[in-house]
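All residue numbers for the sequence shown refer to the working numbering, where the first residue is 325 and numbers rise by one.
Hint data in this document are derived by calculation from the structure and do not stem from the laboratory. There could be a bad hint or two in this list.
Distance windows between CB atoms, simulated [stated by the list, open to error]: (1) Ala467 with Asp387: 37 to 45 Å; (2) Leu451 with Ser336: 33 to 41 Å; (3) Ser402 with Thr458: 20 to 28 Å; (4) Ile401 with Arg573: 19 to 27 Å; (5) Ser568 with Gly374: 33 to 41 Å.
Here are the simulated lysine to aspartate or glutamate pairs, DMTMM-like style, with alpha carbons at most 20 Å apart [claimed, not checked]: (6) Lys337 with Glu409; (7) Lys528 with Glu539; (8) Lys368 with Asp414.
For each residue, glycine too, the CB sits at the ideal point set by N, CA and C.
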Amino acid sequence: MGALVGGIYATSKLATYAEWVLALERIHVLRLLDPTFGRDGLIKGERVMGVLRELIGDCAIEDLPIAFTAVATDLEISEEVWLREGGLFDAIRASIATPLVFTPFRHGARTLLDGALVNPPPIAPTLTDNTDLTIAVNLSGAAESLPVPAATAPMANSNAYQRRIRAFIGNLHLARSSGAPARGLFDIAFASMQAMPDAIARLKLATYSPDVTVEIPRNACGFYEFWRAEELIALGRERAAQASARAGR
Numbered sequence: 325m326g327a328l329v330g331g332i333y334a335t336s337k338l339a340t341y342a343e344w345v346l347a348l349e350r351i352h353v354l355r356l357l358d359p360t361f362g363r364d365g366l367i368k369g370e371r372v373m374g375v376l377r378e379l380i381g382d383c384a385i386e387d388l389p390i391a392f393t394a395v396a397t398d399l400e401i402s403e404e405v406w407l408r409e410g411g412l413f414d415a416i417r418a419s420i421a422t423p424l425v426f427t428p429f430r431h432g433a434r435t436l437l438d439g440a441l442v443n444p445p446p447i448a449p450t451l452t453d454n455t456d457l458t459i460a461v462n463l464s465g466a467a468e469s470l471p472v473p474a475a476t477a478p479m480a481n482s483n484a485y486q487r488r489i490r491a492f493i494g495n496l497h498l499a500r501s502s503g504a505p506a507r508g509l510f511d512i513a514f515a516s517m518q519a520m521p522d523a524i525a526r527l528k529l530a531t532y533s534p535d536v537t538v539e540i541p542r543n544a545c546g547f548y549e550f551w552r553a554e555e556l557i558a559l560g561r562e563r564a565a566q567a568s569a570r571a572g573r
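Generate coordinates for the entire structure from the input sequences, incorporating the hints supplied.
Rendered as structure tokens:
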């Protein structure tokens with residue numbers, strides 16, 4: 325999400341994106357998913373990238389009015405990659421390639437995955453920029469007891485395919501639950517995969533000491549819950565204000 329929101333912000337079209345995402349309902353999110361039956365991920369991501377290209381307009385990173393860097397991980401050599409030129413949405417797609425969720429992205433000669441595997445949050449790319457303030461957003465903040473959104477009733481006009489996709493996502497247990505968490509295969513895989521980036525994030529934040537660190541609870545939402553944009557934007561604004569006040573900014 326850092327690459328996606330940051331990239332769109334750099335185009336000066338964040339308001340356009342916000343208007344679109346605030347209008348999303350659960351059924352719209354389901355229609356954006358393009359499941360793959362391959363072995364390297366659940367979602368291809370081509371559909372949502374296509375919609376965003378139409379909404380925002382693709383451009384070269386080097387032509388943006390605001391400097392932007394997307395961070396990815398080279399799958400073959402396990403190294404961090406900074407994407408500072410080329411197509412904006414190609415860089416974003418590489419940076420959001422969360423293992424097990426999105427398929428890896430082929431970018432030139434490299435096969436890339438989510439940059440959070442090796443550098444969460446990516447503060448280092450900003451160190452050479454001419455900035456007045458460094459603000460880090462840590463999505464691995466301590467879990468909290470947050471209100472659980474009311475369940476959405478199945479839409480009467482949803483077809484069998486959409487119902488199967490809903491059931492498939494529900495079975496992954498990626499969204500928050502009011503009861504005790506189930507410990508299925510995907511739960512254990514995601515929890516294990518998240519442990520290393522969480523540890524790296526703590527080290528990075530201690531090493532680089534950003535001026536302001538916005539802590540977002542790791543259980544604030546599930547991977548696919550884009551239909552909750554309004555409450556999540558509100559949560560982000562609240563935590564950003566709190567972090568700024570603590571830092572005296």
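Comparing the hints with the structure gives:
1. Ala467 with Asp387: 37 to 45 Å: For Asp387 against Ala467, whose Cβ atoms are near 40 Å apart, the range 37 to 45 Å holds.
2. Leu451 with Ser336: 33 to 41 Å: Cβ of Leu451 to Cβ of Ser336: about 24 Å, so the range 33 to 41 Å is violated.
3. Ser402 with Thr458: 20 to 28 Å: holds (26 Å)
4. Ile401 with Arg573: 19 to 27 Å: Given about 39 Å between the Cβ atoms, the range is violated.
5. Ser568 with Gly374: 33 to 41 Å: The hinted range 33 to 41 Å holds for Ser568 and Gly374, with Cβ atoms some 36 Å apart.
6. Lys337 with Glu409: holds (19 Å)
7. Lys528 with Glu539: holds (14 Å)
8. Lys368 with Asp414: Cα-Cα ~13 Å, so holds.
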